[in-house]
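With chain A held as given, fit chains B and C onto it using these hints.
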Amino acid sequence: MYIPHSEAERDEMLAAIGIDKIDALFEAVPEKFRFPNLRLDPGRSEYEVELELKDIAKANLTVDEIPCFLGAGAYKHIIPAAVDAIISRSEFYTAYTPYQPEISQGTLQSIFEFQTLIARLTGMEAANASHYDGATACAEAGILALHHHRGKRSKILVSAGLNPMYRSTMRTYLQDLDGTKAESPQVMKKISEVSPDSLIEAIDEDTSLVMIQVPDFFGQIWDYSALVKAAHEKGALVAVCANPIALALLKSPGSMDADIVVGEGQPLGMPLSFGGPYLGFFAVRKELVRKMSGRIVGETVDARGQRGYVLTLTAREQHIRREKATSNICSNQGLNALTAAVYMSLMGKKGMQEVAQQCYEKAHYAARKISKIRGYKIVSHTPFFHEFAVRCPIPAFEVDEMLLNHGILG
Amino acid sequence: MKILDNLFYSKNDEWVKIEGNKATLGISDYAQDALSDIVFVDISVSVGEELVSQQNIGSVESVKAAADIYTPVEGKVTAINQAMIDNPEGLNSDPYDKGWLLELSNDAGFDTEGLMDAAAYKKYIDERG
Amino acid sequence: MRNNSEPTIFDLSSVGRNGYQLPESDVRGSEFPTEFAREDLAFPELSEQDVVRHYSRLSALNYHVDKGLYPLGSCTMKYNPKISEKTARLDGFTQLHPLQPTETVQGALFLIYDLQHILSEISGFTACSLVPAAGAQGEFCGVKMIAAHHAYKKQHQRKVMLIPDSAHGTNPATSAMCGYECMPVKTDSRGNIDLEDLASKCNKELAGIMITLPNTLGLFDENILKATAMVHKSGGLVYGDGANMNALLGIAWLSDLGFDVMHYNLHKTFSTPHGGGGPGAGAVCCNRLLEPYLPGPICEMIEEGTKDEPPFYGLYSPERTIGMVKAFYGHFTVLVRAYTYLRVLGANGLRRVAEYAALNANYLMQALKKTYPLPYDRTCIHEFVLDIKWEDAPDIRALDVAKRLMDFGYHPPTNYFPLIVHESLMIEPTETENKRTLDEFIEAMNSIAEDARHAPEMLRKAPSETPFGRMDEVKAARDLKLTA
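Residue numbers (our numbering), protein chains in the order written: chain A, 1 to 410; chain B, 1 to 129; chain C, 1 to 484.
Bound-form chain A, shown alone (with noise of 0.2 Å):
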């Protein structure tokens, strides 16, 4: 499938290249190794493979057919129709990176506009063209704060308020790096005491960035200006994961002095996808432009006078600076970051803000009401944003076995 030649032209082409056999194009490969035989069923027709996939599709229950009140840094949303139909332009997916910038505006201009959303939610004064997902964006958020201060201060304070997968992401990606160390000096003794405070006494001159997450991975809103006031009277940077949909109403991390700003843009019109593609937003102010990795989108003109964009600060990456850049990052969520600027663009302001108003009354309409059957605690200090924990009569794992037994995914 998918090759177009008949066989008059293969034999031509054969014969322009001076061959009789297309096996003669692989003489370099050992002739012992070479052809293995795969075992692999053989191919099947479109059609039959189709069928194939909605049988293996037919065994998911999923989120449409049952409610599901799962969250923990992947959300469902409503998601506008009009949102695929642009983001399925194939325009837009089946091109490349847009290294050819008279040929790749739609890409470009989109990235800027992206761009200019996520600076302007979270208060910052610039922002990439996107990173992998939630995860990888707090571990490069890392990376980046270790080499702002040239490898002089090695430790990382992590707040036990950061989702545990983005912990441990950055755990993976720091523990190589000469002498660093990501740490969670947090004694959680309750859910509602991992305060940014208390991460205060931690800090010190060995100190280079202090991450938290807004609201916190069990819902909760802090106000943590005395934090960012005590890392930088420290010499320290400071690092807020935040749920872009909370920030439609929150004081953005900006106003409060963060550094970098970066979060999980997943809940920005993409639909739950069982874990991904999602897509890692990353914005800082603006002395820190430069020390940003991944892509980055600037205006310019062309040779014409028309305004334009293109990829702009490549001499960071990784094909100029090889071993010396400070990822290795050579991609961006392309596609996803496309699908939150088209989402954000449909819902505005008053769109993005009634999103979360509605998020919020409903956590705290269903908080009221689970709060009231015997048995049952809110454990999540308020206000909490769209999440919150409850601590259950009997282990958490039978009540979420009884919810699907009743048609829930609790």
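Calculated directly from the structure, the hints in this document are not laboratory data. Note that the coordinates shown come from a computational prediction; the quantities given were computed from them, not determined experimentally. Treat the hints with care, since some could be wrong.
To be verified - Simulated crosslink set (SDA-like; lysine to any residue; CA at most 20 Å straight-line): (1) B:Lys64 - A:Val301; (2) A:Lys152 - B:Ser44; (3) C:Lys86 - A:Ser45.
Just chains B and C, lined up with the frame of chain A:
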């Protein structure tokens, strides 16, 4: 390609001008030409810092390339040319004069062993093509 | 002259417009606390049609695979079958929360399990993780696995990663992220790894070598067995950069050639679309030695099926895993696309992919070497590299030829890579292009070679037929404007 007679040059295309206990350094005309339009200068050392010879002092970037800069001599940083950090294109237009990057001092004087004079540097450039 | 610039979404905004109507809330009555509330949100306000038209107009400014030939070397820009778009959008895949109980996602887990198996079989390896988000992350995982193994064996002195000088910049960047010191290995006159140079660098400090096969010149390394044996003999491990795996499908198993671990780019080899720069997916495969270090979660069969019950699948992380590299399980709907493609092709179809990719590349190379200098003149596999150095047109550079190709309606080939060829144009036609397209491309290239001598300004001013001309990249970097 402009090569000034009164300077010493390194294999990494830095120049250094020595006047008694004071040394000034920058990148050569050949280096700025090879990089083409320079868009960014980063100096990673600060005034007062003691540098050893061949220590990395920062980098310069053009649109298509990046190059690290090393000090060819040992000494204490006495001045940094903020004008080049603010306007990196100055390195293209005047690499030897206005385009200096660091000024160092060393009471013991400077060791120029391993550095090239103008004639040797010219030969070195020609050989690289 | 007409101005082809599209206004930004912010330029188009008009206060009070609305692009989407949410359902009314039926549980009003919780006020967001004002002490945490933001003041303003400077977002655009537009109708749905405003947004759709804006992005449709932008889309028209893009070149893309559905429009024409995209001969970007090492990027494998082949046709992306539409069936994969259809299957990846099935609700049974898109509407799954990653933390659902495993009994509710058995279909998704089966697909992961089966794809792990298929990718292992294509490379000859025994294990696979589909977690990595992209080729670069797959590389990161593979090199971390090598590092984890040396650490486990207390071989802490193994600090050096060898990288052939033809390699992509990601390889050294990855090694540095894993704490390694990078050392280049020379390429010999036939485009192979220089064995003498390699021998001089094989010692007890060697952690491993990263090899792209076929290499970035499009050549199958004739010294590959000797090179991998030398590295193993001194205790190093061999990493395979799978950027060019399209050329080896059904042709050779990397496991047979002495590789220990590798990554695939599913968006290249298995034709999931590039999405304007992502998302891709970067599966890692390895042998038994490195299996304990794979990044999880990996899918396994927990209970074999019976006559009446299907098998039961679950997730696990290997005992000495390098740890998590992202949240959840990889780019799942990208995996669905790759799986669909692989099921359609099957074993026989896969080998034909590699064969016809090689046929197309060699056909183009034979035709173009008549007018363009070819620095490594021997049978290539899936791509080849030209060096734009004409004695009678000394001022013309690879960039000029690349830009002029746009005027003929083509996306230019990769230029200025690999670095060992100074004025390189790296051309990979892929197997999905037909003879007519290739012949037209040859004609365009010949006509450009002609113009290079007689009308060089046509090249230096190019492109002139595209909606935009050459961009001022220096201005973009000096007067940084990253937001509207």
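Going down the list of hints, with the structure as the test:
Distance restraint check for lysine 64 (chain B) and valine 301 (chain A): the Cα-Cα separation of roughly 18 Å lies within the 20 Å cut-off, and the hinted pair is therefore satisfied. For the proposed pair lysine 152 (chain A) and serine 44 (chain B), the alpha carbon gap of about 12 Å is at most 20 Å, so the pair holds. Simply put, lysine 86 (chain C) and serine 45 (chain A) have alpha-carbon atoms about 15 Å apart, close enough for the 20 Å limit, and the pair holds.
Every hint from the earlier list agrees with this structure, and none is contradicted.
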